[in-house]
Amino acid sequence: MSKAQDTMLYLNGVSVAFDGFKAINNLSIIVRPTEMLAIIGPNGAGKTTMMDIITGKTRPDAGEVMFDGRTDLTKLDEAAIANLGIGRKFQKPTVFESHTVWDNLEMALKKPRGIFAALFYTASDEDVTRITEILETVRLLHRKDEFAANLSHGQKQWLEIGMLLAQDPKLLLVDEPVAGMTDSETEETAKLLREIAKTRSVVVVEHDMSFVRELGSRVVCLAEGAVLAEGSLDQVSANPVVIERYLGR
Amino acid sequence: MLTHLLRLALLTLSLLLPSQIARAQDAAVDIPAQIAAMGEASLKELTQIVVELASTGDNGVVPVLTALADGNLYLDEASGRVVIQNGSTITDPLTGEAVDLGAEADLSRIRVNNGLRRDISAALSGMTLMSDNPATRLAAAQGFLSKPDAANLPLLDEAIAAETDANVRGAMQAARAVTILTSEDASIEDKNAAVPQVVAGAGRNAITILTGALADAPDEVKPTIEAAIAGLEQGRAVWGALQNVWFGVSLGSVLLLAAIGLAITFGVMGVINMAHGEMVMLGAYTTFLVQLVIRQNFPGLLDYSLLIALPVAFLVTGAIGVGIERGIIRWLYGRPLETLLATWGLSLILQQTVRSIFGPTNQMVIAPTWMSGSTDFFGLAITYNRFWIVIFALIVFFMLLLILNRTPLGLQMRAVTQNRRMASAMGIRTPFVDAMTFGLGSGIAGLAGVALTQIDNISPNLGQNYIIDSFMVVVFGGVGNLWGTFVGALTLGVANKFLEPYAGAVLGKILILVLIILFIQRRPRGLFALKGRAIEQ
Amino acid sequence: MLTQALFRALDKKAVWVIGIFLAVAVLVPMANLLIPPGQFGHVPTYLVSLLGKYLSYAILALALDLVWGYCGILSLGHSAFFALGGYAMGMYLMRQIGTRGVYGNPTLPDFMVFLNWKELPWYWLGFDNFWFAMAMVVVVPGLLAFIFGFFAFRSRVTGVYLSIITQAMTFALLLAFFRNDMGFGGNNGLTDFKDILGAPVQAQSTRVILFAATAIALALSVLVCSMIVNSKLGKVMVAVRDAESRTRFIGYRVEYVKLFAFTVSAIMAGIAGALYVPQVGIINPGEFEPGNSIEVVIWTAVGGRGTLIGPIIGAIVVNLGKSWFTSALPEFWLFALGALFIFVTLFLPKGIVGLWKQLFGIRRKKAEEPALPTPAQSVDIERGEDSATFDNPQIRPAE
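Protein chains in written order, with this note's numbering: chain L, 61 to 309; chain C, 338 to 874; chain A, -8 to 390.
Looking at chain L on its own, in the form it has when it is part of the complex:
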């Protein structure tokens, strides 16, 4: 327990198996407050499953998953975990396509999530200001009244990041944020994530090595559900096992 203190996310000895296949095998990862962590690894390394465990979608067979040093995440469901302050961006951008960009953010905005609170909710000036602010950050202000379905792939990615911001989480889990983005968009995203990491913890899963380099964060390489190597990107990419199993010679 004491080890979990002063951590934002604490995974210790986590394992999960699907029909005998060990998707996650004795995985231990620590993320400190206002720290950015990049996770790399080959397909099937268990990156997405790890995120599923943290966000309550999958229950681990064994191991500890602690948030903010004190909350056991394995006992909570998705909504409760989200309300604790863990935001997740999916690999494939999932925004609410039949809502406008504005409504997407309004729904994500950190507000009471109860039924009647939502039924009688009216946006205050403060909320409007906050949503406008986020729209500016993710550069979608000019498209705020359009349906999310009509955004380009990159814009959807940004809208989803905007929704994450609106949730005001303490920990962000970001799965392949720059897939399908142009180089300049990628650069902007890296900048944005670095900005966010000043006040929050961020975990980024990504394949794009140049993007990871731009993040300039600590890197963990996963393979077969366990940590293969850990350190700076240069350290990790110099690791012979990582080269063998992931980067290729």
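Calculated directly from the structure, the hints in this document are not laboratory data.
Idealized CB from N, CA, C, for every residue including glycine.
Treat each hint with caution, since some may be false.
Unchecked claim - Calculated Cβ distances over 10 Å to all of chain L for the following chain A residues: (1) G89; (2) K109; (3) A124; (4) L350.
To be verified - List of simulated lysine-lysine pairs, DSS-like, C-alpha gap at most 27 Å: (5) K3(A) with K313(A); (6) K204(L) with K44(A); (7) K170(L) with K152(L); (8) K82(L) with K152(L); (9) K3(A) with K204(L); (10) K4(A) with K204(L); (11) K82(L) with K171(L); (12) K170(L) with K258(L); (13) K135(L) with K171(L).
Let chain L serve as the given structure and place chains C and A on it in line with the hints.
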């Protein structure tokens, strides 16, 4: 002993030889003469004759004695002949041939009184106990069992000693035991000893007999009887349970037949086919038509019409299934709720079409001879139609497993279900496989329809009665798993039959539905749910 | 808060719809009572009741639309809630018969006397009071939906599984209500009503008032639904429909959202049933038929789900068609209905309202309105995170 054997041998002979010859060899009693003497005999003499006739042990005298007891034996005053008159037919008492007595016939009944009747009855029981037909002997023993009379004890003892058939001897011993149990003279020890014999030999009636005997039994015997009844009741509960299991298996096999096609379309393809019940219904009507054609054109094949209907129904409903898939369902892949609605609409159309053609009334399919009747399997009444349906369901199930796991089509089907795009990229014609899969599922529904003609009315609503149950089976068993369907169908069938005695048929069904609804809450993906990341996503 | 919510509810479209039905509530009775028979514009009393029946169906369709069109829950058991509301009303009407029954028993309805029952079962107590009965019209369907939904949504029974168990629910109720010993009149149901609130059910004035009440109830239902769907909760409902697990990950309790929609919808259905029964004069177990529930789905689909006016139009149009067919070509009604199911799902997924928008393209281009999950999305579903609700586990690749 030896005399009995001899008599048995003679009796056997008498079966083979004309009865006259056989009788001639038994010189002791001149049967025709005795019968002829009956005409003018007094009551006392008649009793004598009856005893003498009975002592021959010849089956040939049974009709005379029966007729005498029933008051059907007459003397023709004109010719002096003794004849049997039954309604308007007059027959010879020995040969059984019709007799023409001519116009001057003057029949007078040979009178009997109750005392004589009792003698005849005892004599006849003795006769039948010695009959050469085991079934007759068994019936006689059972007759004694239900009307025990201490006077018959010697007769029974004699019969038991001569009996060769273990089954019949058991019944005779039970009859003897009952006689002892109810007789006033028998000792306590004998009575106590008799109880287990009743239990052993009286079969399903033992409880009734013992309960009847309990009231009049001496106090010393009562505990033995009570213990025996308790034991029997336990046994009966076990048999009752087994009988329920059989009924349940039978119902389960019907459910399996109805649901297994659905398991393919719903489970393997992810398509909700609300018209599945109508495929079953069309299978049943196909059977009806096949039988109609056969009856009119090839009456000799009538007994095989069900067998002929099987491939026809499979092809007809399978072809319709392919048509439905090509015409409607393929436009709706990925939209299961829409598929549900469209196929529901289709089911309405199919029902109304059949109603327009055949009318709303029930049609009949005649059961072939090999499917009618029932057999007694260690006390379980098993009707042949149910039995064959169970067998048929198993055959269909294992054939389907075989098709899915061992044929190229099955391989392609599994490939398409697991990864459509990949399968397509590998050169599998996915539209063809879809159509074939749906056709297979529908064809099996048609086969179910053939089987259902034997236990249900053939009406346009036939399918409606099975569709909800079938869905329950598939959902309960776990989607995408044929074994799940198998276990699901049998479980629901047996559970239904076990609930029925306590809750009644309707309430039992309601309970099952409620239980399934609760079960789905616990395990939303059914009994045999697939696990793994594929589901998690 | 409430005023703001009400204000939001009364957007331009909702005001129109509510206005129309309030006007209908006044005009049709006037056309019946004030214009003499035979003169142009007179609405005969039987027609008033028939229209009243359609409007109660419209409430039912609207109720279904709230859960299906907006929240993605395809309930195949909504006629159960409708029938339960109807039975609650029927029980009140039975108690009003009093000594005028065939057997003249002051408390026991005829069928109970016939079954040789000596006293009223406990669950019939209180139904002689109109307001108690009206409370039950709301409470019974609402409670059933709440309990059923609580278990179903908590265990994440979704998509077709949910549809099938709702169907099983109404089927179980159908079997139960057919039983004589349930105490609801068995096969024959409840009928031969005499009075409602002291006024004879058959009287012209009563029928007109019942019609007006139904029209007003419909207007109120539209108001309530509009309030819900225009609120943030309504947006969350649509979010649940389109991407259920995504909604969870931003912190909404999907099961509660669904439970709310399902319960409100069941209550509306119950009220619709209660208004239906006095106008048709009978309620029997046939109302629980699974087929009826599916028919409601098609009304909603024909009109256009995910809109407030669609289900109302659908219910009225389809039932007009049904009335015409069953008198003119009774043989063909089921053909027509079946074909309608197929036609609408294949060619008219957005219903009449969708067609209207497409034809008279108001404001936005069609491509900009992806309000319903369309086949284009089904490709995503195969891969998507949010579609566990939809399709069969085996269809999806395991990455």
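Tell me, which hint numbers fail for this structure?
-> Numbers 5, 6, 11 - these are the hints that the structure violates, sorted from lowest upward.
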